[in-house]
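Asks: Residues per chain, in single letters:
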Amino acid sequence: MKHCYCWAFAFLLSVYALSAQEIQKIDSINAILVQNSSLKTDSLLVIFENNLKAAQKIDYKKGIGEAYKNLATIYGYEANGEKRVAYNLKAIRIFEENDLKPQAANLYGEMGYGMKRDNMEKAQYYMNKGLKMAEEGNYKEVLDRTYNNYGVLKEMQGQLDSALYFYKKGLAIVEERKYTEGLPYSYSNLAGAYGQMGNFDLARDYFYKAKVIREEINDRKGIAENFTQIGEVYLIEGKPAEAVPFFEKSLLIARKEDYRFLMQYTYQQLSETFKQMQQTDSALYYFEKYAVFKDSINSLETTKQIAALEVEFETEQKENEILRQRTQLAEKDLEVRRKNAYIFGSLGLSIILGLLGYLIYSRQKQKNRQLQKEKELQVALAKIETQNRLEEQRLRISRDLHDNIGSQLTFIIISLDNLNYMLKDTGQEVKERIAAISAFTSVTINELRDTVWAMNKEVITVKDLQMRISNFIDQAQSSRRDVDFQFKYKEKHLQKLEFSAVGGINVYRIIQEAVNNALKYAEAQTICVKMEISDSKYKIVILDDGRGFDINGGKSGHGISNMQKRANDIDADFKISTSVNKGTTISIQSKA
Amino acid sequence: MIWIETEFAVITGSVVLALAFVVLYFQVVKIQDSKKARSRLIRFEHSIQFNQSQIIKRKNHLDRYNFLAYNLDEALIIQPEIVV
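Chains V and L, in that order, give the protein sequences. Going by my numbering, the first residue of the first sequence is number 1, and it counts up by one from there. Going by my numbering, the first residue of the second sequence is number 1, and it counts up by one from there.
Hint data in this document are derived by calculation from the structure and do not stem from the laboratory. All C-beta atoms in this analysis are idealised placements derived from N, C-alpha and C, irrespective of residue type, glycine included. Check each hint, because a few of them may be wrong.
Said to hold, decoys possible - Straight-line Cα separation of at most 25 angstroms, BS3-like style, residue types lysine-lysine; simulated pairs: (1) V:367 x L:30; (2) V:132 x V:101; (3) V:168 x V:132; (4) L:59 x V:463; (5) V:490 x V:539; (6) V:367 x L:57; (7) V:457 x L:59; (8) V:365 x L:35; (9) L:35 x V:463; (10) V:383 x L:36; (11) L:30 x V:373.
Said to hold, decoys possible - Selected chain L positions facing chain V (Cβ under 7 angstroms, derived; list incomplete): (12) 15; (13) 21; (14) 22; (15) 24; (16) 42; (17) 43; (18) 47; (19) 48; (20) 51; (21) 54; (22) 62; (23) 65; (24) 67; (25) 75; (26) 78.
Next comes chain V alone, as it looks inside the complex (with noise of 0.2 angstroms):
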């Protein structure tokens, strides 16, 4: 396994190093620079469609684009325009896919340079699409050119001050990048506008300056077409005849290196050279010359489809700019509805949590409300539970107290009954007294047990007190069928009223005795008791038609004193009217 995977990585780095090696290669090729080659144009023509199907078979994009530039400088020089301008769009198109730049802009610059004698309008765009991409990128190796280049555009517009302006700026950049190929140009493009200016001396020292760095670097095209401009200023200058050999200085060489745009220039210059010099048969000799060249060089029909390949060039630049705008859309769209998404999303999680939030409120809410009801549940069943205990509690004290008092005052009663029927043969008055004691424990003993039913009673309601007398108004009816019993009740706002257990006891008490002493000493034939009730007063009559009595004469009996006190003891007055056989009046009722 392990052997496998080092002839695998052998042969992948064996594969990588081969790469490398081609590209080199192909690099290096691309770097010929046309104009210096000694080669002839066919020559380099096919070195650079090898150089450029290489390029193809490993996919390197930078080598494709500048074969393909470099194909189109050969054909520019061989004149084919046609070729010129479909190999420089494939390379522009090859560069800017690629986002090779500084490439890009470089041939935008040299496509438009290479338009100026055609369309000087689509030149300048050109170039001014390259110079504007090179500044941008600061590429110093492709402003140097442009700059110079752009230079002559304003030169052949007749701006010559501008075209100084930029080829001094070319020249700068040049001398700053010591690039001794370009200084050729920049002194050739100085020379070409001060001569337009004038300065025809200047403008040679700067064409020789050129001339002998193309010497130097073996720039034969460029040392020709200094030939043609240094003639070119002697014919500006008037001086036709020291033209003359400097164009055919140049001829020579174009001819040699098959250079024949600057051929077609040259006899066009020779041809009214000539002219100047008023030999026509030999400026119409070089006229011919340069008419058979301009022809072929610039059909119609090459210049229709020139312009063919710019709109399809143009075209799919505009498409392309159509799919990104498209595709930018496309993704600002999707940005935005991820957006939206995540504004639902974030106002679902709110919605959610403010259900949530208001779930919980209400069910504590719920639950303190339960809670509030238990809890007021459990104070009264506290409560109720307290007082349950308590009136038990008390019940059973009332009840051991009865148990015990009772049944030892009970005790005492009988002890006093038996005394007495022992002692019945000693005297009355020892009887009587024993009888007073047992009456008195007797009364005690009542009174113990009304207090102690009392105890745990805590009212008695008017409605039963009220029952209670008419039973025991009932109960004397009963026992006394002669005695005409009469029991009267009014009631106004009942409800107000009630008794307490004492009191009621009370007021009963006062009834039963003064019922009790009408029966007993008043000889009574009619005995009314009368009970009147309103708000929370009440006034209670007892009168009968008995024999009366002087209340101020004679001791008044423990009855009345008794029913003098009970009346005090619930705080109510007490009053009694009694004549001797005018019957008797007793009356209780409640203080204002």
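Could you slot chain L onto chain V? The hints should help.
Replies: Frame of chain V; chain L shown alone:
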């Protein structure tokens, strides 16, 4: 586009489902709480009623007291189940 529409549907569906679950859960919890609270309240009410019945029983016995008969034995009836 379809994927994005599905995404919205999923989000909305999830939110609705979550809401339904939360509401259902709290409803169940509320019912359980109410049941427990009610049973406690009922116990309290039963206790109160029992105590009230004892108080009423005591009162009824006390009301049997005849002022003429002095029948305390009938009026004072102890309820031994009451722990004092």
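Asks: Each hint should be assessed against the structure and marked as holding or not.
Replies: Hints and how they fare:
{"no.": "1", "hint": "V:367 x L:30", "in the structure": "holds (9 angstroms)"}
{"no.": "2", "hint": "V:132 x V:101", "in the structure": "holds (11 angstroms)"}
{"no.": "3", "hint": "V:168 x V:132", "in the structure": "holds (18 angstroms)"}
{"no.": "4", "hint": "L:59 x V:463", "in the structure": "holds (15 angstroms)"}
{"no.": "5", "hint": "V:490 x V:539", "in the structure": "holds (10 angstroms)"}
{"no.": "6", "hint": "V:367 x L:57", "in the structure": "violated (36 angstroms)"}
{"no.": "7", "hint": "V:457 x L:59", "in the structure": "holds (7 angstroms)"}
{"no.": "8", "hint": "V:365 x L:35", "in the structure": "holds (16 angstroms)"}
{"no.": "9", "hint": "L:35 x V:463", "in the structure": "violated (44 angstroms)"}
{"no.": "10", "hint": "V:383 x L:36", "in the structure": "holds (24 angstroms)"}
{"no.": "11", "hint": "L:30 x V:373", "in the structure": "holds (16 angstroms)"}
{"no.": "12", "hint": "15", "in the structure": "holds (3 angstroms)"}
{"no.": "13", "hint": "21", "in the structure": "violated (10 angstroms)"}
{"no.": "14", "hint": "22", "in the structure": "holds (6 angstroms)"}
{"no.": "15", "hint": "24", "in the structure": "violated (11 angstroms)"}
{"no.": "16", "hint": "42", "in the structure": "violated (10 angstroms)"}
{"no.": "17", "hint": "43", "in the structure": "violated (9 angstroms)"}
{"no.": "18", "hint": "47", "in the structure": "holds (5 angstroms)"}
{"no.": "19", "hint": "48", "in the structure": "holds (5 angstroms)"}
{"no.": "20", "hint": "51", "in the structure": "holds (4 angstroms)"}
{"no.": "21", "hint": "54", "in the structure": "holds (6 angstroms)"}
{"no.": "22", "hint": "62", "in the structure": "holds (5 angstroms)"}
{"no.": "23", "hint": "65", "in the structure": "holds (5 angstroms)"}
{"no.": "24", "hint": "67", "in the structure": "holds (5 angstroms)"}
{"no.": "25", "hint": "75", "in the structure": "holds (6 angstroms)"}
{"no.": "26", "hint": "78", "in the structure": "holds (6 angstroms)"}
Hints 6, 9, 13, 15, 16 and 17 from the earlier list are contradicted by this structure; the remaining hints agree with it.
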